[in-house]
Amino acid sequence: MDRIIFGDNQFFGVDHLSDDRARQKEQRFKDTGEIIRVLDMAYDAGIRTFMCTTYARIGEICEHIRQNQQKYAGFKIYPCMPYAHKYANAVTEMGIAGALSHFTGQEGLVNTIARGSKAVVKRDAIELMQILVDTEMSMFHGVETGVIFLQNVITDLLLGLGMHEFFGEFAKYVGEKYNSEAGFITMNLPLLTETLLAQGMEKPIVCASINKIGFRMSGTVAENEAILASGNVRGVAMQVLAAGALGPDEAMEYVSKLPGVESVLFGASSRGHIEHSAELIRHYSNDVATLSDVG
Amino acid sequence: MGISHLAILNAHPGVELVGAADTSKLLRWGLGRYSSMAMADDYQALITQEKPDCVFIATPTKLHYPIARFCLEQGVHVFLEKPCCLNYEDSVALRDFAREKGLLIQAGYHNRYLGTFKHVRQLIESGELGELHYFHAEAYGPVVTRKKTETWRSNRNEGGGCLYDYASHVINLVQYLLDEVDSVSGTRLESIFSSGVEDAVYSSLQLRSGLTGHLTVDWSDESFRKMSTSITILGDRGRVEANAQEVKIYRNKDGRGDEEAGWKLSYLTDHTDAVSFYLRGEEYTAQVWDFIDNVSSGGGKHAVNSIDSAAETDRVIELLLQDSSGTAGRSETINLKKVLADKGMWERFKLLFLQQAG
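Keeping their order, the protein sequence lines are chains A and B. Under the numbering used here, the first residue of the first sequence carries the number 1, and numbering increases by one thereafter. Under the numbering used here, the first residue of the second sequence carries the number 1001, and numbering increases by one thereafter.
Derived by calculation from the structure, the hints in this document are not laboratory data. Errors might be hidden in some of the hints.
To be verified - Which chain A residues stay away from chain B? Per the calculated CB distances, all over 12 Å, these:
{"hint": "1", "residue": "Glu26"}
{"hint": "2", "residue": "Met41"}
{"hint": "3", "residue": "Tyr43"}
{"hint": "4", "residue": "Arg66"}
{"hint": "5", "residue": "Gln67"}
{"hint": "6", "residue": "Lys71"}
{"hint": "7", "residue": "Gly74"}
{"hint": "8", "residue": "Gln130"}
{"hint": "9", "residue": "Ile131"}
{"hint": "10", "residue": "Gly146"}
{"hint": "11", "residue": "Glu176"}
{"hint": "12", "residue": "Tyr178"}
{"hint": "13", "residue": "Asn179"}
{"hint": "14", "residue": "Ala226"}
{"hint": "15", "residue": "Arg282"}
{"hint": "16", "residue": "Asn286"}
As the list claims (entries may be wrong) - In silico contact screen, one side only, chain A against chain B (beta carbon under 7 Å); selected entries:
{"hint": "17", "residue": "Met129"}
{"hint": "18", "residue": "Leu157"}
{"hint": "19", "residue": "Met163"}
{"hint": "20", "residue": "Met187"}
{"hint": "21", "residue": "Asn188"}
{"hint": "22", "residue": "Met217"}
{"hint": "23", "residue": "Ala242"}
Here a beta-carbon is modelled for each residue, glycine too, at the ideal position from N, C-alpha and C.
Using the sequences provided together with the hints, build the complete structure.
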């Protein structure tokens, strides 16, 4: 994975601290062209990986990249799936069985399960998961992926419920079908990492909230730092600015120097902020490289 | 909602989840096969067989009373999703029965565990806003944004409608931050897209302290990405505006203390402690952890979210229904402070929910 990964929260109208700022962003990024202009700024700043949720408009962005392959040489997209709102709305509207039938097109199978037929074999839920992955991946054809992430709400729900088998099955499937590694976004870095290791995964890619003040870092900061330092996990740091509570300099210094953090994920929507953040990450990462060279 | 509670509970290191009951075969099949949970369709059989220390109830509201009653009869502590019951009478009956049996019922009003609102409560208690003269409590969100298929949420007899859902949270927040509600007036329950129930609730609330304010709740507002609850409180020393993300306080020259008069903003990052397991928000985990603590400590600890205050929310819901239909009257009121001052009340409570591990 690249050292710097560009995120997409700013395009959704998400702002963890301010509803007003969220509204301004939502208004600006209604125009997909505006999203592409910001992605171009990130590309100009030397960033080559964009991590994004699989919402419908990403299809337009993938299309733009396919049509301008030379311009975006070396550009990768890491999909994060699923786009939870889409499924949550469908479940409210159609119920769990209805939503599953709708998205998988497997009404017969879903009905068999819903009726509680004893004939259902264990593979079926895994097959439904695979069909859902395919549905989400359809818009990415012809775009380099490399890592495919499971969204935190799903990861953490499966983690809490103890349905751990899906993690391994997901990793196996995206490896075989999409030649990509699996990544897991979580708000519970220590617990998830231990669980994935216990499932027999080697050095899993885990993307989690990692920041100097411990915001949304479940467990203690020390526990999070220790699991990263163990060398058993490839960390992707997100929420590095702690929802704006940290200044960029101290925020980037902390994550860039933290052992076990392979990549730093950040989102920004102006050229100045993008360039400044990328510079800071490179600067503090070089400090670490120099130190380890000496050591 | 039920599923996320289940995940949070299952992640609690001191909880052994001995079973879950659901009417959905699909859910029972999925959880039964891929997790280690024992799934059942008959909750009564499950409870009598497993004899748990406590039970979580996250069903449609109309089922709250019979299920909670059964749990109490079996000597089991209860976490009850909000609102407690479809009428005040049932809530009071549950409250009294729990008291008689020495059992805890905790309600699912999670705003009481949000860092920003907890901070507002401290501001008010410390008198920083001076004497209060007005409040406006609001919630908006995109639950029903067009005419659509009927579910239990569109049937008031099952606990559907914005009043039992969104508005109950806002009323409970007013109780938590300010005071119990004494009377209501000018209530309007408006249908926007729903046919059987209201999508918006507007009313004037008068509190026991004499403070008055307004309630504005609308779950058919798609300009909000998700439920957004906020409160504005005006005092003679300043003003506070708060939601789940931020607290904005303005202190006038009387309220400034050593600081300059003006606005001061703080954020959830300033008021939120990390939790051991995060799923949808710190407050959801915090309320579950607190419940387990309350049950396992066998009392002594003041319950932030007991049925005493949650039953009062149901009384206010009833007042709003009466007022909107022109049959307003003041319901019998309960002296909550006296109830809470009844020391030793919690001390008889024994161990928890779903048996403690180890």
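Say whether it holds or is violated: Lys71 (chain A) keeps its Cβ farther than 12 Å from all Cβ of chain B. holds, 33 Å
Should the hint that Met187 (chain A) touches chain B count as held when the rule is a Cβ pair under 7 Å? The hint holds - Met187 (chain A) has a Cβ within 7 Å of chain B, the shortest such distance being about 4 Å.
Nearest-CB test (12 Å) between chain B and Ala226 (chain A): holds, 15 Å
Take the shortest C-beta to C-beta distance between Met217 (chain A) and chain B; is it under 7 Å? holds, 6 Å
Does the claim that Asn179 (chain A) lies off the interface hold, with its Cβ farther than 12 Å from every Cβ of chain B? holds, 26 Å
Compute the least Cβ-Cβ separation between Arg282 (chain A) and chain B, then decide whether it is above 12 Å. The assertion about Arg282 (chain A) holds, with a minimum of 26 Å to chain B.
Beyond 12 Å from every chain B Cβ: check whether that's true for Gly74 (chain A). Gly74 (chain A) is indeed farther than 12 Å from all Cβ atoms of chain B, at 34 Å.
Determine whether the non-interface label on Gly146 (chain A) survives the test: each CB of chain B must be over 12 Å from its CB. holds, 27 Å
Going by Cβ atoms only, is Asn188 (chain A) closer than 7 Å to chain B? holds, 6 Å
Taking the closest pair, is the beta carbon of Gln67 (chain A) still more than 12 Å from chain B? Correct as stated: the minimum Cβ-Cβ distance to chain B is 31 Å, above 12 Å.
Closer than 7 Å between Cβ atoms is the bar; does Leu157 (chain A) clear it against chain B? Give me holds or violated. holds, 5 Å
Going by Cβ atoms only, is Met163 (chain A) closer than 7 Å to chain B? Because about 4 Å separates Met163 (chain A) from the closest Cβ in chain B, which is inside the 7 Å limit, the hint holds.
Violation of the numbered hints given earlier is confined to hints 1 and 17; the remaining hints are satisfied by the structure.
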